[in-house]
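In case you want the letters, here they are:
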Amino acid sequence: GESVGLHLPTLSVQEGDNSIINCAYSNSASDYFIWYKQESGKGPQFIIDIRSNMDKRQGQRVTVLLNKTVKHLSLQIAATQPGDSAVYFCAENYSGYALNFGKGTSLLVTP
Amino acid sequence: SAVISQKPSRDICQRGTSLTIQCQVDSQVTMMFWYRQQPGQSLTLIATANQGSEATYESGFVIDKFPISRPNLTFSTLTVSNMSPEDSSIYLCSVLGTGILDEQFFGPGTRLTVL
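As they're listed, the protein sequences go chains Z and U.
Read in order, the letters of the first sequence are residues 29 to 139 in this note's numbering.
Read in order, the letters of the second sequence are residues 98 to 212 in this note's numbering.
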């Protein structure tokens with residue numbers, strides 16, 4: 029399948045600041061996108077998703093933005109906390125319900 | 098969301114042997130998937146486990162190496178056959194949620210090390 033990639037492999041932010049994690053996708057036919065959080069030794073945890081007919085979706089402290097024109101997806105985390113430290117993956121739906129995952133960004137929250 | 102468990106959580110195996118990983122869901126789900134996550138890497142889909150029929154494999158994965166069973170709507174197994182050190186990975190099962198959107202939820206993973 030076509031690739032889904034991340035701009036930054038690592039991101040370090042101070043506690044209380046906002047975090048923005050970016051993701052580029054190349055399959056223009058993808059119509060569904062998900063952000064996952066993976067802590068060490070655990071499986072990916074669903075954070076938030078968005079369909080291609082939307083450009084913004086908000087959850088608790090998280091917002092996903094979708095720009096279909098430039099095929100770009102971002103995850104914004106407000107007031108980042110130490111518990112937010114993890115690897116974050118974007119994923120796109122490209123065939124049926126199967127997901128194509130991006131490379132991942134490691135988020136480190138410092139006190 | 099569904100509660101997903103996997104057995105074993107981790108294992109260390111000798112090359113040439115096989116390991117069967119179990120995935121149990123606490124509710125009936127229509128679709129189950131198996132993914133591989135190599136060390137420090139992202140997730141790659143191995144196959145879709147179909148209930149009552151043969152699994153659907155992604156490019157690069159074959160049934161002889163990764164046989165899959167799905168006897169009912171709450172259970173699936175993935176076997177890693179004739180293992181080599183290159184098979185050392187985390188193997189994860191996932192299920193499609195029953196909500197309005199197509200949320201996919203993951204199990205905790207099985208960490209496999211092949212010596």
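Treat each hint with caution, since some may be false.
[To be verified] Derived, one-sided and incomplete: chain Z residues facing chain U with beta-carbon distance under 7 Å:
no.: 1; residue: K84
no.: 2; residue: Y122
no.: 3; residue: F129
no.: 4; residue: K131
no.: 5; residue: G132
Hints were generated in silico from the structure; no laboratory data involved.
Virtual Cβ for every residue (Gly too), placed ideally from N, Cα, C.
Status of the hints after comparison with the structure:
no.	hint	result
1	K84	violated, 15 Å
2	Y122	violated, 10 Å
3	F129	holds, 4 Å
4	K131	holds, 5 Å
5	G132	holds, 5 Å
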